[in-house]
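There are 2 protein chains.
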Amino acid sequence: MFSDIDQLMDRMGYDALVVYGESTASCPELAYFVRTAIPRGGIYVKKKGAEPLLVVSNLDLGCAKKGIVSTVKSYGDYGLRSLQKRYGPGRAFAELLTAILRSEGVSGSIALAGRMDVVQSVFVVDFLRRRGFRVAGSAKPTIVDLCRRTKDEWEIDRIRDAGKKTVVVVQKFEKVLEESKTVNGKVVFDGSVLSTNRLKKMVRVWCAEEGLSLVEGFILAVGPESADPHYVEDKDTVISEGEPILFDIYPAEATGYRYDFTRTYCVGRPRPLLRKMYQDVLDAQQTAFDAIKENIPCEVPFTRVCQFLRSKRWPTPLDREVKDRGFIHGLGHGIGLSIGEEPYLTRFNRSKLVLGDVVTVEPGLYQPGFGGVRLEDVVTVTASGFTVLAEHRKQLEF
Amino acid sequence: MFSDIDQLMDRMGYDALVVYGESTASCPELAYFVRTAIPRGGIYVKKKGAEPLLVVSNLDLGCAKKGIVSTVKSYGDYGLRSLQKRYGPGRAFAELLTAILRSEGVSGSIALAGRMDVVQSVFVVDFLRRRGFRVAGSAKPTIVDLCRRTKDEWEIDRIRDAGKKTVVVVQKFEKVLEESKTVNGKVVFDGSVLSTNRLKKMVRVWCAEEGLSLVEGFILAVGPESADPHYVEDKDTVISEGEPILFDIYPAEATGYRYDFTRTYCVGRPRPLLRKMYQDVLDAQQTAFDAIKENIPCEVPFTRVCQFLRSKRWPTPLDREVKDRGFIHGLGHGIGLSIGEEPYLTRFNRSKLVLGDVVTVEPGLYQPGFGGVRLEDVVTVTASGFTVLAEHRKQLEF
Chain A
1 MFSDIDQLMD
11 RMGYDALVVY
21 GESTASCPEL
31 AYFVRTAIPR
41 GGIYVKKKGA
51 EPLLVVSNLD
61 LGCAKKGIVS
71 TVKSYGDYGL
81 RSLQKRYGPG
91 RAFAELLTAI
101 LRSEGVSGSI
111 ALAGRMDVVQ
121 SVFVVDFLRR
131 RGFRVAGSAK
141 PTIVDLCRRT
151 KDEWEIDRIR
161 DAGKKTVVVV
171 QKFEKVLEES
181 KTVNGKVVFD
191 GSVLSTNRLK
201 KMVRVWCAEE
211 GLSLVEGFIL
221 AVGPESADPH
231 YVEDKDTVIS
241 EGEPILFDIY
251 PAEATGYRYD
261 FTRTYCVGRP
271 RPLLRKMYQD
281 VLDAQQTAFD
291 AIKENIPCEV
301 PFTRVCQFLR
311 SKRWPTPLDR
321 EVKDRGFIHG
331 LGHGIGLSIG
341 EEPYLTRFNR
351 SKLVLGDVVT
361 VEPGLYQPGF
371 GGVRLEDVVT
381 VTASGFTVLA
391 EHRKQLEF
Chain B
1 MFSDIDQLMD
11 RMGYDALVVY
21 GESTASCPEL
31 AYFVRTAIPR
41 GGIYVKKKGA
51 EPLLVVSNLD
61 LGCAKKGIVS
71 TVKSYGDYGL
81 RSLQKRYGPG
91 RAFAELLTAI
101 LRSEGVSGSI
111 ALAGRMDVVQ
121 SVFVVDFLRR
131 RGFRVAGSAK
141 PTIVDLCRRT
151 KDEWEIDRIR
161 DAGKKTVVVV
171 QKFEKVLEES
181 KTVNGKVVFD
191 GSVLSTNRLK
201 KMVRVWCAEE
211 GLSLVEGFIL
221 AVGPESADPH
231 YVEDKDTVIS
241 EGEPILFDIY
251 PAEATGYRYD
261 FTRTYCVGRP
271 RPLLRKMYQD
281 VLDAQQTAFD
291 AIKENIPCEV
301 PFTRVCQFLR
311 SKRWPTPLDR
321 EVKDRGFIHG
331 LGHGIGLSIG
341 EEPYLTRFNR
351 SKLVLGDVVT
361 VEPGLYQPGF
371 GGVRLEDVVT
381 VTASGFTVLA
391 EHRKQLEF
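Residue numbers (this note's numbering), protein chains in the order written: chain A, 1 to 398; chain B, 1 to 398.
Incorrect hints may appear among the rest.
It does not matter which identical chain is meant; a pair holds if it fits inside one copy or across any two.
Mimicking BS3-like on lysine-lysine, the simulated pairs with C-alpha atoms at most 27 Å apart in a straight line are [stated by the list, open to error]:
1. K312 <-> K323
2. K276 <-> K48
3. K200 <-> K181
4. K65 <-> K175
5. K172 <-> K201
6. K73 <-> K235
7. K312 <-> K65
Simulated from the structure, these hints should not be mistaken for laboratory data.
Work out the full structure: start from the sequences and follow the hints.
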């Protein structure tokens with residue numbers, strides 16, 4: 001959590017943390033440390049044990065000062081204009097960073113975090129190293145990943161808020177299914193056939209009404225399309241009676257915190273295979289819930305779900321031959337300012353669940369040519385086990 | 001443009017281009033080269049003069065194959081599972097990249113592009129270098145920036161489409177202003193006072209209806225708030241008669257291409273200062289339009305606008321003392337899969353405008369305590385000068 005940063009720097013051997021992003025919207029690392037929206041981003045500098053400094057474009061001083069960093073300066077304070085004139089805009093950035101680090105007396109091992117085109121990162125890092133700075137890399141999870149992993153209470157509140165709003169959208173979605181009927185094998189709503197694009201447009205409007213932003217879209221896949229867990233095509237498909245309708249939505253609330261939620265439905269009587277898949281996924285999710293608690297290695301709930309689904313005769317990632325049928329993805333991932341972060345509930349992740357972890361629990365089953373079923377809720381690990389952040393019923397048939 | 005990549009590699013001395021992103025939504029560089037949405041991103045590998053290879057998660061094979069790269073493989077094909085088992089998830093990524101580069105016979109100078117947390121970039125690049133790969137950095141603009149800069153015809157079509165949809169939203173916005181009246185100095189619409197949050201909610205719904213995504217929000221600032229060019233606060237402000245209403249919107253259409261559009265309005269009679277600022281900005285934009293053509297250095301339209309506004313007694317970036325009053329930002333920037341890319345119409349940018357450049361032209365004037373005026377359109381540079389991609393009237397008073 002936020003207050004862990006000095007301890008993490010100490011433990012990982014960093015004397016300074018520098019976080020850069022072109023905008024807070026495109027850089028969750030920067031957004032996390034500044035806690036305000038900065039359109040053109042900035043450079044955050046924190047020496048171990050000291051108060052941080054934030055340097056932004058002159059244009060962004062107003063919004064930068066609305067965040068939690070109390071010392072905010074502008075690029076102009078470090079001579080950006082003359083650096084641009086002398087070196088051109090590209091090299092000026094590396095020179096500016098050097099000027100800021102020197103002015104702040106940064107020395108020792110530096111974690112340079114945030115988002116940059118890698119080509120530019122290589123240039124900047126080589127540049128800083130030639131000037132004597134010790135820029136240290138690390139494999140993921142990085143220091144910022146670890147700091148962001150366990151959520152503070154106020155972050156959980158934001159995620160819960162995103163969840164509540166998501167559930168409002170889901171309720172409207174279910175109401176459409178409830179009010180639909182089937183005519184000649186097709187699903188009909190309000191006098192005309194219900195298609196994916198028609199439903200998608202409704203979802204986009206409902207999200208807008210709730211102030212939710214669909215930063216990376218959402219998944220609505222029906223029938224055989226739903227056998228692809230990441231179906232993203234824009235094709236307009238008419239929804240048929242009894243076939244799976246898989247709806248996976250991962251929007252952001254105003255400050256960028258995300259929720260992630262999946263249900264699978266059908267209108268009219270489901271085929272026996274769909275009913276079996278649904279029941280197995282429901283039981284798999286319960287198996288995961290039974291395993292989630294403090295101090296359990298992240299891979300354990302995943303492995304238990306695999307073992308359960310294997311007992312139901314589905315291929316899982318424990319089997320070498322798993323491909324596109326059965327349980328074919330991880331069990332879950334952390335969410336926060338991004339839609340995929342620590343901790344990952346996947347195989348070989350021996351890191352233990354801790355209080356404040358916020359993860360998705362999303363088992364799924366897929367049958368090529370037929371369709372898929374996935375159920376997903378977000379939980380936070382608590383002293384008594386876990387809590388679902390936005391409760392909502394699970395009902396297949398409408 | 002897209003077909004320039006081999007020539008750019010040759011000119012910049014790269015033997016291979018590798019582009020990595022965690023998702024196409026968060027990595028315009030990857031989105032550009034694969035031309036499809038891939039939720040978990042992937043690794044794109046292109047040797048100079050050869051066809052590219054794309055490697056993705058097993059889960060994303062379906063969507064990856066919908067893109068323009070014809071050879072798509074999965075991480076599993078390069079032994080990801082055993083690498084994860086042996087090295088853990090973090091180092092496994094660097095090992096995977098090594099395995100892919102070796103298997104493809106990549107040698108010589110490598111441009112490693114895309115988006116990664118810089119801490120991880122440093123680890124990966126150091127790792128590859130220790131294994132004998134020559135990973136070369138460059139200041140911005142990078143090879144990918146240069147390739148993406150001049151747009152192909154189909155990209156301009158996407159941007160124009162985003163523009164048309166944006167104009168539909170703007171027309172609805174203007175209709176609300178048109179149908180508003182003033183009562184006791186406040187703007188009233190449909191029986192109740194018009195506030196920024198009420199208008200913002202309408203804008204979000206209109207965008208959703210058009211299939212536009214507000215990836216980084218939008219700006220609606222009224223009265224003194226509009227003196228901050230990047231006003232982002234969430235405060236609900238009641239709109240008053242005659243004060244500036246600054247509306248800046250930069251949404252993405254379905255494939256991620258952006259538009260960027262700003263108008264400034266008022267309801268009721270504007271104050272004389274607002275009228276003067278509006279006229280000066282309008283004339284400044286015309287001054288820019290008069291300067292924009294092929295082969296003109298990017299800084300020229302900017303400098304001309306500064307000179308014009310200086311003649312109108314406004315401070316500009318040509319003056320050392322410019323701060324928060326006058327023309328206080330650049331004239332424009334490229335747009336495409338991002339909302340800020342090459343070419344930048346700013347000082348010291350001596351790069352010349354070329355056919356296919358797509359840039360915003362957005363002069364603005366700001367008066368602290370009073371408000372701001374900005375007008376923005378997107379143009380593409382053509383053989384005959386330039387074309388505005390989505391024409392729309394400019395009218396201050398409603």
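Verification of the hints:
Taking identical chains as interchangeable, the C-alpha atoms of K312 and K323 lie at most 27 Å apart only when both belong to the same chain, with a minimum of 17 Å there against 68 Å between chains. Taking identical chains as interchangeable, the C-alpha atoms of K276 and K48 are never at most 27 Å apart, the minima being 55 Å within one chain and 51 Å between chains. In this assembly of identical chains, the alpha carbons of K200 and K181 lie at most 27 Å apart only when taken from the same copy (19 Å versus 36 Å across copies). Proximity of K65 and K175 under a CA criterion of 27 Å is satisfied in neither setting, with 44 Å inside one chain copy and 35 Å between copies.
Taking the shortest Cα distances, K172 and K201 sit within 27 Å of each other both inside one copy (13 Å) and across copies (18 Å). With identical chains, the CA atoms of K73 and K235 are at most 27 Å apart between copies only, with a shortest distance of 24 Å across copies and 49 Å within one. Proximity of K312 to K65 under the C-alpha cut-off of 27 Å is found in neither arrangement, the shortest distances being 56 Å within a copy and 31 Å between copies.
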